[in-house]
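K.L.:
For reference, the chains in residue letters:
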Amino acid sequence: MSDKSHDPNQMTGAAMIVRALIDHGVTDIFGYPGGAVLPIYDEIFQQSEVQHILVRHEQGAGHAAEGYARSTGKPGVALVTSGPGATNMVTPLTDALMDSIPLVCISGQVPTHLIGNDAFQECDTVGITRPCTKHNWLVRDVNDLAKVLHEAFYVATSGRPGPVLVDVPKDVQFATGTYHPPRKSDVHRSYAPRVKGDATQIRKAVALLAGAKRPVIYSGGGVINSGPEATRLLRELVEVTGFPITSTLMGLGAYPASGKNWLGMLGMHGTYEANMTMHDCDVMLCVGARFDDRITGRVDAFSPGSKKIHIDIDPSSINKNIRVDVPIIGDCGNILGDILQVFKAEAKKPDIKAWWQQIAQWRARNSLFYRKSNDVILPQHAIQSLFEATRGKDTYITTEVGQHQMWAAQFFGFEEPHRWMTSGGLGTMGYGLPAAVGVQVAHPDSLVIDIAGDASVQMTIQEMSTAVQYELPIKIFILNNQYMGMVRQWQQLLHGNRLSHSYSEALPDFVKLADAYGAVGLQVHKPGDLDGAIQEMISVKRPVLFDCRVAALENCFPMIPSGKAHNEMLLPEQANDEATAKAFAAGKALV
Amino acid sequence: MNQPASAYFIEDRHDPNETHTLSVLVQNEPGVLARVIGLFSGRGYNIESLTVSETEAQKHLSRITIVTTGTPMVIEQIKHQLDRMIPVYRVVDMTLTRRSIERELAMVKVRGQGEHRVEALRLADAFRARVIDATTESFVFEITGNTEKINQFIDLMRPLGLVEVSRTGVAAIGRGPEGM
Ligand SMILES: Cc1ncc(C[n+]2csc(CCOP(=O)(O)OP(=O)(O)O)c2C)c(N)n1
Ligand SMILES: [Mg+2]
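Respectively, the protein sequence lines represent chains L and W. Going by the numbering used here, the residue at position 234 of the first sequence is 234; the numbering climbs one at a time, nothing skipped. Going by the numbering used here, the residue at position 142 of the second sequence is 142; the numbering climbs one at a time, nothing skipped.
Hints listed in this document are in silico derivations from the structure and should not be mistaken for laboratory results. Only a predicted model underlies this, so the values are computations on that prediction, with no experimental measurement involved. Watch out, some of these pointers could steer you wrong.
To be verified - Partial list, derived from the structure: chain W residues whose beta carbon lies under 10 Å from chain L:
{"#": "1", "residue": "Leu25"}
{"#": "2", "residue": "Val26"}
{"#": "3", "residue": "Gln27"}
{"#": "4", "residue": "Pro30"}
{"#": "5", "residue": "Gly38"}
{"#": "6", "residue": "Leu39"}
{"#": "7", "residue": "Gly42"}
{"#": "8", "residue": "Met73"}
{"#": "9", "residue": "Gln77"}
{"#": "10", "residue": "Gln81"}
{"#": "11", "residue": "Asp83"}
{"#": "12", "residue": "Met85"}
{"#": "13", "residue": "Val88"}
{"#": "14", "residue": "Tyr89"}
{"#": "15", "residue": "Arg90"}
Backbone N, C-alpha and C fix where the C-beta goes; we use that ideal spot for every residue, glycine too.
Starting from the given sequences, assemble the full structure and let the hints guide the process.
P.N.:
Below you can see the structure in the form of structure tokens.
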């Protein structure tokens, strides 16, 4: 009989957790301690392979882990205590589920014998997080812990990625059991995501592409999630076919914004040319996107004349909102590779000159037009200046939610994937600052900027303290319009300009606030001072709160209004009061 | 149609609803039923009937039978949403296979005297329902069959003194030698 005390795989549950993190290559985690995770914190204290970043609110840990994951392609890890620690994770878990971000959350739980007793800091964590995780587990036996942890990493990162949660009661953390390294049998036999696309469907797709007269490629976050190979293949496909390409908010950067076939983002605040191309196309290739309602506008008028090919790893994304003609289930990278192979062997570049001429006319409408001013900074101008100042630099952008987010998507050009971190599906105000913390932890020497709004930034401002503690030189670039601008815009357009509770009353002095946190505060009012201040922000190697005072009442255009189709966009130069009133006339629902 | 100013495009869907019976093979583990039910309530799908029991103890397999209604597109969604859950092995649409047998069991309590009592017994006999409990003024009938047959029996018992009904919900299985 072996002497158990000398078996290196005999260890406490708490030790297994740290060991599993190491075995999965995790080097950084984000967390906040509490009674139900103290044994794990004790283990963390006694090792140096996993760095723990102490946030100031568990929501911050979750978004930081998301930022870390999205900028690296690796899973993000968060550690929180039971009860309020776990409930504070609900927003980031939901956010990660909507945006398909691999996240592993480990939560402490009250000891097993107290579960169900309304014990101190007890909550039904697996019950609460069931609808906002891809899967979750409550581990009642220390001998199940290794298997569950390994499965958790696998589930989070495979197939359509997503958040998972492992709830570990305190007695299980203390108990001793047997650890094993990751192995194949750790995973449910019922879980087998499909990777390879069906060959017949791929042939059908190629036939459609080869015969297209007015094609478009519409790509999404799935391409980025699939990894660098998918991005490379997408670019090659555009090259080989000569097709125009647009993307969702989540997919920006997969195809470079400077590429000649780029139409800009599509959807509610997408470009005119992207939306018109979608509307009038005859063949649509959707890669790793899901026909979300911000993309389609009115579904019964969505791209009425096209044959649609849809590549997605999640079968439930197919035919959910829009009926497609050729669904292909599997990994985008894998399928794009197959499509390219068949296309190159059997098809030739279709002649779509006339289509490009049509697109050029739409482009000429210059739908992102705005009027610059010498007196006030226009928010669009601020983003453009920021983009110019960071060109060629190793830059990562996160955002909050609102007008500034849409302007960032419209005016900041992304050349590479994993450089753009925004809360797309859930639209979580307060995402950007902690996400920037996570990105900066993963890329200590890069320039990490949160393009923020004055309202959103206050939702997780406490993470400035985290940035200062860990010397993370994140830049919080606040487009301060003194309004919840996006809410104000809708109230103006839809609710008779009754600006109910959308004014940012009693804003803090962001410069003093930065100072109070031990960060750097900058403020600019005048367009003439903007470039200099941005240079200063970039050169300071400390966290910066940048209070960029911008025109208060600027609206975000172009816009697909109220239950309208892609070809009914409201363009900036038309958006006078009368046209706006007509576009949003009563009797039409908003998009 | 006049629509309120909303953040979403509100549309009327006119596709007719269909009723489908789904057999779902799952890993029998804590929370699996809550996951399935949560999916239905969370996404606004209907559950007309739901039965669940472990079917292979050794392999920890349970079989869930769900009768649901929705437009064809919604039914498709339900199947995909179920199928992508981690502990779900297989989802079979028994209605699409058109080769399935569906049964449910009901216990029906009827209270009455005289002519009503005799009539209840006579009908029970015609429906092959068994008497499983009796007093001088009541019967409990056990009846097995498809949903329609049971509904019909219950309707007939109503004027004869129906007190209460307990039903198992639908269990379904495919015809022929193959398993699901
Ligand atoms: C947590 C959360 N609460 C509420 C909303 C609704 N919402 C969307 S945008 C917005 C206003 C954002 O204001 P600000 O951050 O100043 O950005 P701006 O639109 O002015 O650029 C609000 C309240 C949200 N998206 N997230
Ligand atoms: Mg604002």
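K.L.:
Given W:Gly42 was flagged as interface, is its beta-carbon under 10 Å from a beta-carbon of chain L?
P.N.:
Check passed: Cβ of W:Gly42 comes within 5 Å of chain L, closer than 10 Å.
K.L.:
Minimum Cβ distance from W:Gln77 to chain L below 10 Å?
P.N.:
holds, 6 Å
K.L.:
Given W:Leu39 was flagged as interface, is its beta-carbon under 10 Å from a beta-carbon of chain L?
P.N.:
Nearest chain L Cβ about 8 Å off; hint holds.
K.L.:
Let's test the interface hint: is any C-beta of chain L closer than 10 Å to that of W:Gly38?
P.N.:
For W:Gly38, the interface hint holds, since the closest Cβ of chain L sits about 6 Å away, which is under 10 Å.
K.L.:
Using Cβ atoms only, decide whether W:Gln27 comes closer than 10 Å to chain L, and label the hint accordingly.
P.N.:
Hint on W:Gln27: holds, closest Cβ of chain L at ~6 Å, below 10 Å.
K.L.:
For the restraint on W:Gln81, tell me whether the closest CB of chain L is nearer than 10 Å.
P.N.:
Hint holds; W:Gln81 Cβ to chain L Cβ min 5 Å, cut 10 Å.
K.L.:
Checking hints one by one. Is W:Leu25 an interface residue toward chain L, by the C-beta closer than 10 Å rule?
P.N.:
holds, 8 Å
K.L.:
Against chain L, run the beta carbon of W:Asp83 and see if the smallest gap drops under 10 Å.
P.N.:
Constraint on W:Asp83 satisfied, holds at 7 Å.
K.L.:
Any CB of chain L closer than 10 Å to the CB of W:Met73?
P.N.:
holds, 6 Å
K.L.:
Just to be careful: measuring from the Cβ of W:Arg90 to every Cβ in chain L, is the smallest value less than 10 Å?
P.N.:
With a closest approach of 8 Å, the W:Arg90 hint holds.
K.L.:
Are W:Val26 and chain L close enough, Cβ to Cβ, to be under 10 Å, as the hint says?
P.N.:
Check passed: Cβ of W:Val26 comes within 7 Å of chain L, closer than 10 Å.
K.L.:
Answer holds if the nearest beta-carbon of chain L is closer than 10 Å to that of W:Pro30; otherwise answer violated.
P.N.:
Hint holds; W:Pro30 Cβ to chain L Cβ min 7 Å, cut 10 Å.
Violated hints are absent here; each numbered hint is respected by the structure.
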